[in-house]
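> As a plain string of letters, each chain reads:
Number of protein chains: 2
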Amino acid sequence: MDMQVSFLDRLFESGLLIETGVDGLYGRSGQFEDVIAAFERLIDRIGGADGAEAIRFPPGMNRAYFEKSGYMKSFPQLAGTVHSFCGNDHDHLSLLQCMEEGKDWTKEQKATDIALTPAACYPLYPTVAKRGPISQNGGLYDLQSYCFRHEPSKDPARQQLFRMREYVCMGTEAHVTTFRQTWMDRGVEMMRSIGLDVEIDVANDPFFGRAGRLLANNQRDQNLKFELLIPVTSQANKTACMSFNYHQDAFGQKWGLTLENGSVAHTACVGFGLERIALALFAKHGLDVAIWPEAVRKTLWG
Amino acid sequence: MDMQVSFLDRLFESGLLIETGVDGLYGRSGQFEDVIAAFERLIDRIGGADGAEAIRFPPGMNRAYFEKSGYMKSFPQLAGTVHSFCGNDHDHLSLLQCMEEGKDWTKEQKATDIALTPAACYPLYPTVAKRGPISQNGGLYDLQSYCFRHEPSKDPARQQLFRMREYVCMGTEAHVTTFRQTWMDRGVEMMRSIGLDVEIDVANDPFFGRAGRLLANNQRDQNLKFELLIPVTSQANKTACMSFNYHQDAFGQKWGLTLENGSVAHTACVGFGLERIALALFAKHGLDVAIWPEAVRKTLWG
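From first to last, the protein sequence lines stand for chains A and B. First residue of the first sequence: 1, per my numbering; consecutive thereafter. First residue of the second sequence: 1, per my numbering; consecutive thereafter.
By construction, these hints were calculated from the structure, which means they are not laboratory data. Note that the structure is predicted; figures quoted are calculated from it, not measured. Each hint should be verified, as a subset may be incorrect.
Repeated chains share a single entry, so a pair holds when one copy, or any two copies, can fit it.
[Stated by the list, open to error] For lysine-lysine, the following DSSO-like pairs were computed, each having C-alpha atoms within a straight-line distance of at most 30 Å:
hint, residue 1, residue 2
1, Lys-254, Lys-298
2, Lys-130, Lys-103
3, Lys-130, Lys-154
4, Lys-110, Lys-68
5, Lys-225, Lys-68
For reference, chain A alone in the conformation it holds in the complex (with noise of 0.2 Å):
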């Protein structure tokens, strides 16, 4: 934890990072986000040639579709829903005396049809699903977006709005199986690239409560979901910067994802944490972007 709070202010001293006054809630430098910019040009040079197509959702989602999306039952403590005033002018000047009295004006917002993107895929299988049935060869997509999870952090590396970038494939078991296990095999490749020392393991998700340990214990049993661990703050406790996840065929079923032959499409994910990889080249490299390795600079930007 004091490696984490010393980093978060070097980076808040440094300027790559801006504090907002909220832990985990963050403005980033042009720097930094010019790290960013250049990591994602590397994902498309190594990804370019797959073919993927390139949609990008808002960072949030109907909130429909996020209920269906089984999110509330593993991790509800992380969600966010967004919520507005609905009323007249009569609650408009009570809302605004609220205020004025510092007392909790929230209770009486109501929540809109709209959701927090959690993950850049949850908006991405229902639109596929509408379209039909998926190509026998298999569906490839490549997304981003600012997602939200509500777990206020003095660790710089776990942040309320941040961004992911995926890979989602859909197709055949043996189709995504093979789509995760090249991206894991390309994800270590990158991250020696720019200089960070990488480990893979099985993830260790933070599902909610009692029942919430069955369900880490099935995701652990079955080796759905693996993580690509970096250290940024700390040695012993590395952050996972990818994951790679095989959802089987349980995304297929509950959206309706058919194959050609009207098979059920099995589906499997690949994040990148963009911030999270960020921190860990800083870390590794230091604060100053310009004494980095120049074998990392040059991956970096050419």
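Given chain A, put chain B in place with the hints provided.
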């Protein structure tokens, strides 16, 4: 309205925008994003030499700053607050049962410390204030973020989550009003260079309720805000694609922004509605970028 729906349908059919089941909440195709990226590079070329400090805030901001901003006085109906589940294991079971039964589960959600950003510059003022006095030569900032406005609509140019690029200037009255005039001239020039018909008019913001009419009159009478209007779905009802705001010393007073000589800073901001500008281009030149006029393509993609 009919033209708005028909344009929206054509955007869906072409795949440039992607339905999510919520009005005003859409996915974007890679081609749509490419137009926005090209227009942002045009902004960089026009504004780059001014030496603005680039800062990128996430799509949410500190709710305490949001409250202090006064946004709930003027546009309560447009604002979005982020709410989360904060209960225990028992509450979680109730929540899941409530969802199972199709009842409203969102009433139990509690407001977090985060509100969605209503305009890209909102998080900037408290950030700059904390740094201490602004140089007598003024401060200039380059911002971009997704912004939220709760106004579901079939008009593709009125989205609930959209991107705003902004320059914000802080300094003396003469400095910031010159900045604003410079960008009004540049804005007209830029839009003409990509083949768009523009006019500038005083703004007509949707201030809420009876008290709002006074605020709207004040804004108009004092010429505090101008808009650059372009026909998107209608020649009669043009769409505001840029805005040019002079806040006098209102934000300087509110946030404690001072110049080195101790006087209160005046502020002005210039905003680009990036989705609206992209849509104006598609409306004018057609949905197939490959057949846009050569001069427009050259300005955007070199």
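> Indicate which option fits the pair Lys-110, Lys-68 if close means a Cα-Cα distance not exceeding 30 Å: within, between, both or neither.
Classified as both: same-chain Cα gap 20 Å, cross-chain 21 Å, threshold 30 Å.
> Could you place Lys-225 and Lys-68 in one of the four classes (within, between, both, neither) given a Cα distance threshold of 30 Å?
within (21 Å within a copy, 43 Å between copies)
> With identical chains, the pair Lys-130 and Lys-154 could be close in the same copy or across copies; at 30 Å between alpha carbons, which is it: within, between, both, or neither?
Classified as between; 20 Å across copies, 41 Å inside a copy.
> Using 30 Å as the alpha carbon limit, work out where Lys-130 and Lys-103 are close: within a copy, between copies, both or neither.
This pair counts as between: shortest inter-copy Cα distance 26 Å, intra-copy 45 Å.
> Within a copy, between copies, both or neither: where do Lys-254 and Lys-298 come within 30 Å Cα-Cα?
neither (44 Å within a copy, 46 Å between copies)
Violated hint: 1 only; the structure is consistent with all others.
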